[in-house]
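Chain A: place on chain L using the hints.
Going line by line, the protein sequences match chains L and A. Here the first sequence stands for residues 890 to 996, numbered as in our numbering. Here the second sequence stands for residues 22 to 205, numbered as in our numbering.
Derived by calculation from the structure, the hints in this document are not laboratory data. Any given hint could turn out to be false.
BS3-like cross-link-like pairs, simulated, lysine-lysine; straight-line CA separation at most 30 angstroms [to be verified]: (1) A/128 x L/962; (2) A/38 x A/193; (3) A/193 x A/134; (4) A/195 x L/948; (5) A/35 x A/195; (6) L/990 x L/972; (7) L/948 x L/962; (8) A/128 x L/924; (9) A/128 x L/961; (10) A/189 x A/57; (11) L/961 x A/67; (12) A/193 x L/924; (13) L/924 x A/67; (14) A/46 x A/35; (15) L/948 x L/972; (16) L/971 x A/128; (17) A/198 x L/924; (18) A/67 x A/46; (19) L/924 x A/38; (20) A/67 x L/962; (21) A/128 x L/972; (22) A/198 x L/948; (23) A/134 x L/948; (24) A/193 x L/948; (25) A/134 x A/195; (26) A/35 x A/57; (27) A/128 x L/948; (28) A/46 x A/23; (29) A/35 x A/193.
Quantities reported herein were computed from a predicted structural model and do not represent experimental measurements.
Single-letter residue listing:
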Amino acid sequence: MTLSLEKSPLTEAAYYILLSLYEPMHGYGIMQNVKVMSCDRVNLGPGTLYGAISSLLEKGWIISAGEPDSRKKEYQITESGKKAVDCEIHRLEELLANGRKVTGMTS
Amino acid sequence: MKHATWRWISDYEKEEKWLNEMAAKGMSLYSFFFGKYTFEETEPGKYIYQIELLENFPTSPESVAYLRFLEEAGVVCVASVFRWVYLRKEAASGPFELYTDIDSKIKRLSTMKNLWFTFVWLEFIIAAANLAMVIYSWIVMHQMAWMNLGCVVLLVVLGLLLLHLGLKPARKIKSLKREQLICE
Chain L
890 MTLSLEKSPL
900 TEAAYYILLS
910 LYEPMHGYGI
920 MQNVKVMSCD
930 RVNLGPGTLY
940 GAISSLLEKG
950 WIISAGEPDS
960 RKKEYQITES
970 GKKAVDCEIH
980 RLEELLANGR
990 KVTGMTS
Chain A
22 MKHATWRWIS
32 DYEKEEKWLN
42 EMAAKGMSLY
52 SFFFGKYTFE
62 ETEPGKYIYQ
72 IELLENFPTS
82 PESVAYLRFL
92 EEAGVVCVAS
102 VFRWVYLRKE
112 AASGPFELYT
122 DIDSKIKRLS
132 TMKNLWFTFV
142 WLEFIIAAAN
152 LAMVIYSWIV
162 MHQMAWMNLG
172 CVVLLVVLGL
182 LLLHLGLKPA
192 RKIKSLKREQ
202 LICE
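If we strip away everything but chain L, and leave its shape as in the complex, we get (with noise of 0.2 angstroms):
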């Protein structure tokens, strides 16, 4: 995936764990923030969160912050990580707009 980083959608778990990171957090508290924030609608699996926690590290999106040795390791979201999650607010608000335009659902 080559896309320019800031314009591609993110995925419903790289959106959440941001969200959760902008507090410091290890990662099965990121699974049970994420479990809370979304009323019990998305269950990470260790696997998918560990795999997304990678790809972010990778990214610069997200830094391992706190003690580098504790087997506990945080994380914490970065200004490129906050200018993703920006950049994805703006796009879920156009297809919400553009949703609620055509159906004249309304919230």
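Using the frame of chain L, we list chain A on its own:
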């Protein structure tokens, strides 16, 4: 009480299903070593099992980091054979599914497909080399190289079995990719 059973299951999905059926009956896999399954008696349905193929050997730093990450989520690795690991999680702490979106499911299946297809190629190359020997000795030395011919037959049979194992994830990848066109 521990119980040992010998079994040979080549399809990991069937193996996973069997392990979960055993766990539901109160026989939880405790260790595994080349066909020898050791179970411990637990309360029925205490654990859920998943089998995974790691991208690296379990002792590599990448895999150690991954397995440690899983431990945080309450997933414990009970046994490993080459790159295959047997994972379990307590059922009381919720469902156990390693991969929950199409992207990561495809990635997992590709690792499996690649493993089997690598072996398939290897088998067929060695089989072809043996076949060449058979033909050579027949034409040049007018002798039947029975040993080599036996090898060819054996390797082809084994290769077809591996091909069968590799085609399963390949087919699933194809259908997931079609699904991916319209949903995540």
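Taking the hints in turn, this is what the structure says about them:
no. : hint          : result
1   : A/128 x L/962 : holds (24 angstroms)
2   : A/38 x A/193  : holds (18 angstroms)
3   : A/193 x A/134 : holds (10 angstroms)
4   : A/195 x L/948 : holds (28 angstroms)
5   : A/35 x A/195  : holds (21 angstroms)
6   : L/990 x L/972 : holds (27 angstroms)
7   : L/948 x L/962 : holds (18 angstroms)
8   : A/128 x L/924 : holds (23 angstroms)
9   : A/128 x L/961 : holds (25 angstroms)
10  : A/189 x A/57  : holds (25 angstroms)
11  : L/961 x A/67  : holds (26 angstroms)
12  : A/193 x L/924 : holds (28 angstroms)
13  : L/924 x A/67  : holds (23 angstroms)
14  : A/46 x A/35   : holds (17 angstroms)
15  : L/948 x L/972 : holds (12 angstroms)
16  : L/971 x A/128 : holds (27 angstroms)
17  : A/198 x L/924 : holds (26 angstroms)
18  : A/67 x A/46   : holds (9 angstroms)
19  : L/924 x A/38  : holds (27 angstroms)
20  : A/67 x L/962  : holds (28 angstroms)
21  : A/128 x L/972 : holds (27 angstroms)
22  : A/198 x L/948 : holds (24 angstroms)
23  : A/134 x L/948 : holds (27 angstroms)
24  : A/193 x L/948 : holds (29 angstroms)
25  : A/134 x A/195 : holds (12 angstroms)
26  : A/35 x A/57   : holds (16 angstroms)
27  : A/128 x L/948 : holds (18 angstroms)
28  : A/46 x A/23   : holds (14 angstroms)
29  : A/35 x A/193  : holds (16 angstroms)
In summary, this structure violates none of the numbered hints.
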